Structures are given as structure tokens and as C-alpha cells.
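Throw the hints in and build the complete structure from the sequences for me.
Per the working numbering, the very first residue in the sequence shown carries number 2; after that it's consecutive.
Hint data in this document are derived by calculation from the structure and do not stem from the laboratory. Being a predicted model, the structure only gives us computed values, none of them experimental. Among these hints, one or two may not hold up.
Stated by the list, open to error - The list that follows gives simulated cross-link-like pairs (lysine to aspartate or glutamate, EDC-like), each with its CA atoms no further than 16 Å apart: (1) Lys108 to Asp62; (2) Lys176 to Asp132; (3) Lys54 to Asp7; (4) Lys108 to Asp65; (5) Lys108 to Glu97.
To be verified - The calculated label-pair distances, taken between Cβ atoms and stated as ranges, are: (6) Arg213 to Tyr234: 27 to 33 Å; (7) Arg213 to Ile252: 15 to 21 Å; (8) Ile252 to Pro94: 26 to 32 Å; (9) Phe251 to Ile171: 37 to 43 Å; (10) Gly53 to Arg82: 18 to 24 Å; (11) Arg104 to Asp198: 27 to 33 Å.
No residue lacks a Cβ here, since even glycine has one placed at the ideal position from N, Cα and C.
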Amino acid sequence: MSNPLDFSGRAVLITGGSRGIGRGIAEAFLAAGADVAVCGRTEPGELPSAGGKSALFVSADVRDADQVEKMVNQAVERLGRLDVLVNNAGGAPFAEAATASPRFSEKVIQLNLTAALHCARQANRIMQGQDFGGCIINIASVSGVRPSPGTAAYGAAKAGLINLSGTLAIEWAPKVRVNSIAAGLIRTEQAHLHYGDEHGIARVAQTVPLRRLGTAGDVAGACLFFASPLAAYVSGANLVLHGGGETPAFISAASVNQGD
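This is the structure in C-alpha cells:
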């Protein structure tokens, strides 16, 4: 029986794939034998590499539909095909909804929702013309399935991305499968911006049932599954990847009261 996680000869495009979660996803696909292209506005000093292979870089601001079309065309020209698109580019700094400017909120929604639609449309254009179709994976967030105080526009955009994934899975079937991953608390090189120092990160980790933050490798593993034959009948799904969730505040509050 062949290895369903062997991606030799398959081509993968990852937006925002040069750092953080995206870099981990790129390295996982490279280690599995895939040919990988990553995109961003600026080429990094060091591209993702694993398994004796390095990723290609294609430049684009994924919020710009024209640049996205050019980027996908360049990726296909260099890779020869496009089997998998991972819409990973995204993020937002802390900003309360009452004081965030309209322009700020619009930019957050463009990056976390509209950009993914631009990329998905162009990938679908290629995949529909391939005998083997393709797979699109949208990296969403638990902020899209629960309240997101301090990142309201981001949470709303990720909720939209989850809905978009289910809709595209219907519109683009049967050639293209579309799924999303609602990632929970993931530790990256920028974790300190959200959770503080190492002590703060450790305290946040204790709110997760598995008692740790997720890693880029955890998200990458889910992407490998979705892109593999193991998920051949999986489309329109949203995988909540959060280590069991966040322990409800009432539990710790009740424990304190019981000790009084």
C-alpha cells in the first residue's frame, strides 16, 4: 500500500508561507516530498526548506486581485501544476472595536477574508482545468467561532472565511475540495505580542485542556491530512484545532469560591 502522505510530484502554494504557521506548513509539505511555492510581499532572507528541498518564492500582495492572478500564474508556470492551495496569510494586532479606524478594520477584513477569496478563485481556475482537480485549505481561527474581543474585525473575517469554505466546497465540487482549519492558540515567533513573556505564555497554556499552546507543526499536520487521499471524501469541513478548547472561566471561579 502506498503512503497516503507522500506528496512527491505534487505542487503546493502557500500564502504567507515564509514565517510562522505558514513556514511550518511549507516545511511539512517539503518534507513529504511536495514541490512548494510560498508568497508574500517581500522575499525572506531564508526560504523554507526540508527534506533536501527548498520552497520557491512568488511575490504578491494577496489583497490585490490583479497581483494574485499574476502570482498564481507564476506559481503554476514554475511548478507545472497546482494540487493544493493553503490560504494562510492573515492576522491582526489588538485594537478595540470602538477605537479602531474604519480603514484599519477594512484592511483586516481584506487580508483575512477577501484575499483568501481572490487566491481561491485563481487556484480554482487552474484546478478545474486539471484532470486531477485540486484542494484548497483555508486557515481560519477559533476567533471565527467564538467572541473575539480586541480583534473584532479579525474574528468576523475568520467567521466569514469558514462560511466561504463551505460555500465554495459546494460551488466547485466535484473537481475541487475546500476545507478550513479553525486554529486555536498557536505559539509562533510572535506569540509574545498576544500572550506576553514566557510566564504569560505558560499561564495561557494552562487554560487549554491539553496544557500547551499549539504549534505550526500541529496546523501543518492537519493540512497534510486535508490534502491527502485520506481526506478524499472530506469537503466543506471546518476542523477546530484547539487542544480541547479554552477552559470556561466559571470553572476556576467556582474552584476559588469553594476554597473560601
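TODO: Of all the hints given earlier, name the ones this structure violates by number, lowest first.
DONE: Of the numbered hints given earlier, the structure breaks none, since each of them holds.
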